[in-house]
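Engineer: Each chain is listed here by its residues.
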Amino acid sequence: MIRTLKTLAMVAACVSFSGILALSIWTIAGQPAPVNLPQLLSENMARSGVEHPVTAVLLNFRSYDTLLEIGVLVIAGIAGISMAKTASLEDPELRTSDSLLYGLQRWFVPLMLMLAGYLLWAGAHRPGGAFQAGAVLAATGVLMRLGGVPMDFLRPGLLLRLGLVLGFTVFLLVAVASVIGGDAFLAYPPELTKPLILIIESVLTLSIAMVLLALFVSAPVNDAEDPEEGSS
Amino acid sequence: MTLWLMAGLLFTPLAWAVLTLLTDFAWGRVVTWGGIVVQVLVSLGLWLAVSRDGGFYYGLGGWEAPLGIELRVDGLAVTFVLLTAVVASACGFHAGVYIDPDKPWHRYFWPLFWFLWSGLNAVWLGGDLFNLYVGLELISLSAVGLVALGGKAAALRASLRYLLAALLGSLAYLLGVALIYGQFGTLSIAGVVFWLEDHPVPAGSGLALALMVTGLALKTALFPLHRWLPPAHGIAQSPVSALLSALVVKASFYIAARLWLELGEPLGNLAAAQLVGLLGSAAVVWGSWLALRQSALKQVVAYSSVAQIGYLFLLFPLTYSVSESVSQQAQQGITLQVISHALAKAAMFLAAGNLILSTGSNRVDALTGVSRFLPFSLFSFGLAGVSLMSLPPSGGFAAKWLLLQASLGSGQWWWVLVLLTGGLLSAAYVFRIYRASFLENSETDEFYHPSRSLEVIPMVLALMAIGLGMVSEEVLSVMALPFEEEGSP
Amino acid sequence: MIAFESVLVLLAVGLPLLYPILALRAGWARVLRYSMPVLPLPALVLALATEPGWQLELPWLLNGGLWAMDELRRLFLLLTAVLWAVAGIYAVGYLGAHYLQRFCVFWGLTLAGNIGLTVAVDAGSFYSFFALMTFAGYGLVVHEGTAEASHAGRVYLVMAVLGEMAILAGLLLASAAADSQMLSDLPPAIAESPRRDLMMALLVAGFGVKAGLPLLHFWLPLAHPVAPTPASAVLSGAMIKAGLLGWLVTLPFGDIALQGWGTLMLGAGAVGSIGAAVLGVCQQRPKAVLAYSSISQMGLMVLMVGAAMADSERAPVLFSVIALYALHHGLAKGSLFLSAGMSLPAGRIRRAAVWLLIALPGLSLAGLPFTSGALAKLAMKEGLAEDKLDFALGGYLSPLMTAGAVATLLLVLRYFWTLSGTLQTGRNPPMLAAGWLMAIGVSLMAFWWMPWEVEGLVKSPLWLPAPYQLWALIWPMLLAVALAGLTLWATRVVRHR
Amino acid sequence: MTAPLLYALAGAILCGIGLFGLLWLSHLLRKLVAFNIMGSGVFLVLVGLPQHQGGQDPVPQALVLTGIVVAIAATALAVVLIRRYYHLSGLTSLTGEPASREGAPE
Amino acid sequence: MTLNAWIPVFALMTSLVAALVIFLLPEKGYRLRTTVNLGAALVKLGLVVVMVWGVFRGVDYGLSFTMVPGVTFVLKADALSMMFAGLSAVLWLLTTIYAVGYLEDSPNRSRFFGFFSLCVASTMGIALAGNLFTFFLFYEMLTLSTYPLVVHRGTEKALRAGRTYLIYTLSGGAVLLLAIAWLHGVAGDLPFREGGHFIDADPEIHRSLILIFILLVAGLGVKAALFPLHGWLPQAMVAPAPVSALLHAVAVVKAGAFGIVRVVYDIYGVEASSALGVLEPLAWLAAFTILYASVRALSQVDLKRRLAFSTISQVSYIILGVSLFGPVAAAGGLVHLLHQGLMKITLFFCAGNYAETLGIHRIDEMDGVGRRMPGTSLAFTIGAFGMIGAPPLAGFITKWVLGSGALAAGMDWVIAVLVLSSLLNAAYFLPILHRLWFREPQASWPEERFWGRLETSAWLFWPPLLTAVMTVMVGVLASLPFSPLSWAELIVLREYSP
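Protein sequences, first through last, are from chains A, B, C, D and E.
When the count follows our numbering, it moves up by one through the first sequence with no breaks and lands on 257 for the last residue.
When the count follows our numbering, it moves up by one through the second sequence with no breaks and lands on 1065 for the last residue.
When the count follows our numbering, it moves up by one through the third sequence with no breaks and lands on 499 for the last residue.
When the count follows our numbering, it moves up by one through the fourth sequence with no breaks and lands on 1102 for the last residue.
When the count follows our numbering, it moves up by one through the fifth sequence with no breaks and lands on 531 for the last residue.
Excised from the complex, chain A in its bound form (with noise of 0.2 Å):
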């Protein structure tokens, strides 16, 4: 009874939170933005070095935002594999013996990695880039990891470590770079924007799909120890 009523009153209070917000949004839809950024940004964005404005937005004008979302990422990933286990690599019943997976998977492995070259590349001109790219990737190699494929360089060793700063330590030292150059930070040398844009999406891709793989490969699973795992 008192569930319920507690229930009650939290829907309640979500309803009128909703409510609120939309009535806000309402408000605030009725009124002009008193500064036009859109604007501001195509004017400049001779100056980003890339034609698409997400993009440049993301990797010239904001670009901060972005090396330490990466930050966040990577931090995620180094919490993630502090927890790993490494016996969990080699645990056989990891392994799907689904035969439609692995028939798939030999389709699909080439296909997905295509689709991830074209994603970053399209990050030029397009919606897309390097999250996406990577996330395509990291699905492959869960894919893989699925279908058996034994990959070494998950374990919790330097070189995981190394693929999960890459992107990040790539951004960051074309950050330092600028400033070496005598420039502002992160701010490219106009001729040098495009290709440099280019090697920290490619970096970025890796480094992306590799914490998201060690993400998925180091959640510790399968402990034969715990009965109640098993049982579940």
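Calculated directly from the structure, the hints in this document are not laboratory data.
Hints are supplied without guarantee of correctness; some may be wrong.
[Said to hold, decoys possible] With beta-carbon atoms standing in for the labels, derived distance ranges: (1) C:220 / E:64: 57 to 67 Å; (2) E:64 / B:1027: 34 to 44 Å; (3) B:677 / A:57: 24 to 34 Å; (4) B:579 / A:219: 21 to 31 Å; (5) A:187 / B:613: 17 to 27 Å; (6) E:98 / A:224: 18 to 28 Å; (7) B:990 / E:235: 24 to 34 Å.
Where is the CB? At the ideal position from N, CA and C, for every residue including glycine.
Since chain A is already given, all that's left is putting chains B, C, D and E on it; use the hints.
Structural biologist: Showing chains B, C, D and E alone in chain A's frame:
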């Protein structure tokens, strides 16, 4: 020069993080200690630069706001940068000795530590709402990672609780940011303020502020949203607890305070200000009360954080629609409270860690007789306690004094009672620890002696917390410096 | 010669004050014992060899000290010094090893207080010495350590403290009124102050405790019997007079006639002199009898004080008489007390001689012609002569004095009677005997030496009183003897039955 | 009413739902899902509100991309923690009791 | 800054530095610790002597800087501060000597002496504080540094007492802080100034001023053990004897009393206080405390508890003195600051000697102790007589001057209070003295220790005797220049004619 300093603040910590990730614990320690020296020097350099020339806005990548991310480098920010350098380096040195290098997962301590530091710097200097969000997340996740390090069930439980609270807080904040951006079309705080200066307040903007402040309050563990804090701070390794209590919660509060000071007057209202103040008061009383009733040493300290954080939120009522001088006093008081609490709480946690190391137990009862063996750490603990109790000449006292003045000056005398009661209650729980340690018991005569370097660090911090009161005028004067040039909004 | 007197007075006070230092080492006990008689000697020299009128300023002392000497003080100092000296000699022989050091310490301190208060002229040091004497006196009273002594001591202390407080309050009020710390400034100020009666009451009561004023006397009959004999002697002979001196130097006598206070004091004196006698004859123990005798005698002196208060004109004359009487009584009473500690020799003749010596001071007290007592009594009679006094109760004084004289002798006789029951046969230690003999000697000698001419009260030389005076002295004595004989006879008869 | 505004309003509703889930559900995975729902709501508001008049604004789009990465990182971390927590304690919620009714993992 | 500005700082630092050094010394460094202790005490004494001489000639010792915005930290040496500083410097030296002997072979000596020095540093700070804020700073520091001393023994009882102590003093501190902050808000940063600040205060703030005064007195009254805020003091008796001595004679209670003196004279100004009508109630309160505590003392059987109640009573003399409107009474009150210190420390030293040498804690165990420990008992006797106010000891001077002052101020009832209090003092001290000297000792002492030639350890033996001698000297030589009384008169002279 400034460029190098900024780079040193924002990027070198990340570089240290990368380096330490690639090495093992022992080498990580070497790197870290070297890095700490660099960071302290850089922070000090920026602080000196600002205290000499005044603050400035700094557009990252050469992009000014609103297009790019603009950093706000003012006296307050650099003071906190310096504070972070001090506290974090103390924790870093302490951790290097305190943490067991043989546990394989401890190698991840250093990268997380450095990410945390860089996140803090980002927050102190941030002038962009979304960038602050990312900075907060950086801090939150690395903090969660640090708490969970080692991965015992209880630690995981605490860190999960912490993570969920932090995420919810971040989302609420982000929602507020979304509304602000929707309304004003800019993410720069300075830009919003600039626009509000000569325009009427648009309808519907109060919610954004409310959401942001609520989210940040949750991340700061304001009563009644504090339940996640004590387990997380209590269970982490002592240097981690110190970092969390001293700096991490301050980061979210710092943003909330900045928002309130810039936007509170136009967007807030009196009832909200009083409500926040009331919640802060409740935190002071309730947190202290709970601290008094904990049986685990670090839980006491953790609940004490809840209480001390409560004071910070008195900023809201004390700066809302009051005279300039009162607001000034309140701001100064809160700033001092942040600094002194950071120093004192770090000292306290580190000292508590030493005590636990030597008694082998986290229980308050286990301290019986320890005063005979570990007077130095105990003394550090006590000195830190002096600041928490806001007794003179500590920084806590100077803060309390200013807050008292502000309360009396604004006619809001009810906060006076909170301030005084809080001081007494904190005395109660600090002395409870002391009482236990002074109890003579011939049975327990065996204590492990931690190394001298472990004992010195909390003492230094505690002495700084105490000494802060004596030099608070100087500290505060740096924050009051005028801007070199007005930033372009 | 200022320097000489200054040194002397400092020596007189300082010697007994520092004397307790000897107690620090157990090995010095012998020195301690034998130097007891020496202690009052500087004071004695001071009293005898210096002319009154010198002053010694001690600006560093308390609130600014001033010690000086006048005729009145000189007499009191003389009494004090002599009595303490002979009692000291006596004590050398009297004291056993039991807590000797403790006794000597308190002896020295009490003596220092007693001497000091007689020379002190400023309120601070006067009160200091007074208190020193009072508190150190406690040590003498309870010295024997018996339950009885403790009880007596407690009563003594309670009353003494109450008295001290009354004095303190009185002095404070008075000196505030006078805006001066000098005792000599107090009486006029009291006389003029609106709070005169309060101050008077405090001072009369405060000093009255020491002087054994009726109702404030309870400690006396308790303390005197239990104290060691030499201590009783000085208690009763010298210290009790300190109260009297206190009155004389603080109360306004010459300035204003205070009929009311005079009457009160007269009443108190009368009650004291007669009432104490009535109670005294009922006592069993010789020293208790003597204690009541002291109260009775003090009653007579109170009578004179009262008269002096009531009649300001007459006060200077009466002062001298009071001083003389005090001197006489002190010496005689001291001798009598010392007798109580004697042992009788074996031989019949020697025993008779001893008895004679014991009896002489007693009879002197009662006014036996050719003794100081006779002169004192006569002087008193002259001083209080009806026709010269100018106040209402003057007429009652003469009968009162007569009754007092009777009472005195009755008490003395009672003392002899009780003493004869308690005196042991044995040998006296030589020092004890010497002290006793000297006491009696001084007491008897005083008659020949005393400055009787003062104020022309009594004609000099007076070795033979005029016949009418002789009769006036003798008939109360005869009456008393008759009464005593009657009582004796009556008890015999009763016992026969 | 433009489409982006509708997105924003839908975002508001998602926020409410997510909030409810986050606060009310005790199973940790459900909480996590609720967090993601709420996150999506927030992103919708973020991206929808500024563009409600139909104009393209790449900034919120970029922000949302960043936000998503952050959310994914957080989610991934949370999943790792939850799994390990479950592994060590057998619990699926933070309430401290052994696995509750709705908390049994499927 | 000149040397003169730094001398007060040095005086403060001597014990502060000593404290830190001692904390760092190993427990076994007995000799070194003693040397540091005594050396610091001597240096401080020297500095104080220099300052006393300087203040007498009118040299200005002072140092100030802004600490918190709007508030300055001021150290200043004036006549009043030198009185307190002198007291603490002299008695610190003696108490240190005493404590070295008292704590021989007991554990935690580094801790003890460290806090002990801190405590003295705070006292020094209180003495030299130049405004209320600075005063408060050291006042609270004192609270903290004395707590470990009170609970030093670490028994349940001690810890309980410590808790009571803290509850009282910290609450008092909070009230005081409120009052100071309020006053600061009303009138700004007020330095201590002879004659005070409020002689012609705006009538509009009178009400606030009165309320603030009440709060100030309430806050300070806790340490000064004014009724009804005295409850902590008797409990704090579980502390080791040197601590009790320090608490009672020098540091804690005096800090409270001294603070009240400062408030009345140098903040409000005695005329303004009188005009506000706050002095007379204070006088009544002090008088009541004097009598009440004396009555309570009568029924105590534990020696130190009896002394504690006596302290409560005696400290109120100081407050009574300053709350009587008049220079003479003021001198009486002020001089008692020193006198009471000397007498009470003597008594506590003696009580400690009895406890340490013979294991005597209760009064009924004291029969005949005078034979066994004549030196100590002599000192005790002098101290007790001083308390009673027997001339020519220190207490008498106080009472005499105080009484004269009260009469000059037209407050005759004070005489009654003085007399009554003396009687009560006599009633609870004289029986002890009787036991000491005139009772036959019991067959054996509760717990006897021997120290060769002297009746007790030399470290314990001389300090009480010295203070006893001083008790006599300050009484007998009260009129000498630089005697406490003369100094108090100097203070009052400067106070009443600023």
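Engineer: If a hint holds in the structure, say so; if it doesn't, say that too.
Structural biologist: Results of checking the hints against the structure:
1. Hint check: residue 220 of chain C to residue 64 of chain E, Cβ distance near 60 Å, so the stated range 57 to 67 Å holds.
2. The hinted window of 34 to 44 Å between residue 64 of chain E and residue 1027 of chain B is violated, with their beta carbons roughly 27 Å apart.
3. Taken as a hint, the range 24 to 34 Å is violated for the pair residue 677 of chain B and residue 57 of chain A, whose Cβ atoms sit roughly 60 Å apart.
4. One distance hint, 21 to 31 Å for the beta-carbon pair residue 579 of chain B and residue 219 of chain A, holds here, with the actual separation near 24 Å.
5. The beta-carbon spacing between residue 187 of chain A and residue 613 of chain B, approximately 26 Å, falls within the hinted interval of 17 to 27 Å.
6. The given range of 18 to 28 Å is broken by residue 98 of chain E and residue 224 of chain A, whose C-beta atoms sit roughly 57 Å from each other.
7. In this structure the hint that residue 990 of chain B and residue 235 of chain E lie 24 to 34 Å apart at CB holds, the actual value being about 26 Å.
Consistency with the previously given hints fails for numbers 2, 3, 6, ordered from lowest to highest.
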